[in-house]
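Asks: The sequence shown begins at 66 in my numbering and counts up by one.
Because the hints were derived from the structure by calculation, they are not lab data. Quick caveat, the model's predicted, so the values are computed rather than measured. One should not assume that every hint holds.
[As the list claims (entries may be wrong)] The list that follows gives simulated cross-link-like pairs (lysine to aspartate or glutamate, EDC-like), each with its CA atoms no further than 20 Å apart:
1) Lys330 / Glu245
2) Lys318 / Glu217
3) Lys381 / Asp393
4) Lys330 / Asp300
5) Lys257 / Asp272
[What the hints assert, rightly or not] The calculated label-pair distances, taken between Cβ atoms and stated as ranges, are:
6) Arg239 / His174: 34 to 40 Å
7) Gly371 / Glu128: 24 to 30 Å
8) Asp120 / Leu299: 18 to 24 Å
Where is the CB? At the ideal position from N, CA and C, for every residue including glycine.
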Amino acid sequence: MSPPAISIVMPVFNAGGTIAEAIESCLGQTWSSFELIVMLDGCTDASGQIARSFDDSRIRVLEREHRGVTESAAEAIRAARAPLIARMDADDISHPTRLARQEAFLVGHPGFAVVSGRVTILDPVGEGMQRYVKWVNSLITDEDVARERFVECPVIQPSIMVRREALDEVAGYRQCEWAEDHDLFLRMLRRKMRIGKVDDVVLSWRDGFERLTRRHPAYREEQVWKMKAHHLSLDDRVIEKGVALCGAGPIGKRLARLLQDEGIKINGFFEVNPRRVGQRIHGAEVAGAQDFGKRWRDSVLLGAVGLPGGRERVRKLALDEGYLEGVDFWCCC
66 MSPPAISIVM PVFNAGGTIA EAIESCLGQT WSSFELIVML DGCTDASGQI ARSFDDSRIR
126 VLEREHRGVT ESAAEAIRAA RAPLIARMDA DDISHPTRLA RQEAFLVGHP GFAVVSGRVT
186 ILDPVGEGMQ RYVKWVNSLI TDEDVARERF VECPVIQPSI MVRREALDEV AGYRQCEWAE
246 DHDLFLRMLR RKMRIGKVDD VVLSWRDGFE RLTRRHPAYR EEQVWKMKAH HLSLDDRVIE
306 KGVALCGAGP IGKRLARLLQ DEGIKINGFF EVNPRRVGQR IHGAEVAGAQ DFGKRWRDSV
366 LLGAVGLPGG RERVRKLALD EGYLEGVDFW CCC
């Protein structure tokens, strides 16, 4: 029997309440040449029983000791037989044309490594996740995704289809102290891999108090900023020229501290609050808004203003002064 065109990878830990619907959404795809690898990560509930109850030869149920989603996904990918890998979580729902649309995109766009699509949210808890999904859905092109990489994770992981060879080139998922999905995308983008989207809803993404982004230490705020600082510190221009931060509030101070921990020189801060102007933070001077674009012009500029509308204001100021976003300027929040 010839190998499938697509391997759907679904790591599972105690998802007895949702896994049936997730599997059914995969089996209901208009595209039929796939295998579904259900990787049971030390489940202690009925997840395994439910997964094995489906009478479909395309489903492969594998089992391992509990070691977490990163290792489970990596092991499932190693077991996959297809050149295209579709990520899926056991509490989400893939829309019927997802695989067909994403496969067609990658076939038609050989220069792209990853494809995602729009996402809807199920059972939202509070407004924060809804704002995040709205923001992710606003990123349409691969240029949008690349530009916004340090703001938040610009792609929702269980919505992606990725070329196996692209995963292999960056050594796939890795164990790290921050979110493994954002880390993967940052490593891919650093290698100039393109991440695109189909113009369609591909996934219903379930929110809830128990989701990893709410309770796992890797998603805590300090770890998110450590990840941003680490990946910024790998940029050749940042290494050579150092950085200037636009914003000397809590976000700017934190990012500067973490960049210094990575060995990056902090040349200065720009700040509109007159009480902060003239101070020194982590050994670097705080300049006023009138000096923007005049001082530390060779530095890489990092936008670190967390107030509503701050990102757009910093971006306009930077672009008006001739900074090139993605070269010598990045928005970081």
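Asks: Run every hint past the structure and note whether it holds.
Replies: Hint-by-hint comparison with the structure:
This hinted pair does not check out: Lys330 and Glu245 have alpha carbons roughly 27 Å apart, beyond 20 Å. A distance of roughly 18 Å separates the Cα atoms of Lys318 and Glu217; the hinted pair therefore holds under the 20 Å criterion. Between Lys381 and Asp393 the alpha-carbon distance is near 14 Å, which keeps this suggested pair within the 20 Å criterion. With a CA separation close to 13 Å, the supplied pair Lys330 and Asp300 stays within the 20 Å bound.
With a C-alpha separation of about 31 Å, the suggested pairing of Lys257 with Asp272 is violated against the 20 Å cut-off. In this structure the hint that Arg239 and His174 lie 34 to 40 Å apart at CB is violated, the actual value being about 26 Å. For the pair Gly371 and Glu128, the beta carbons lie near 43 Å from each other, so the given range of 24 to 30 Å is not met. For Asp120 paired with Leu299, a C-beta distance near 48 Å fails the hint of 18 to 24 Å.
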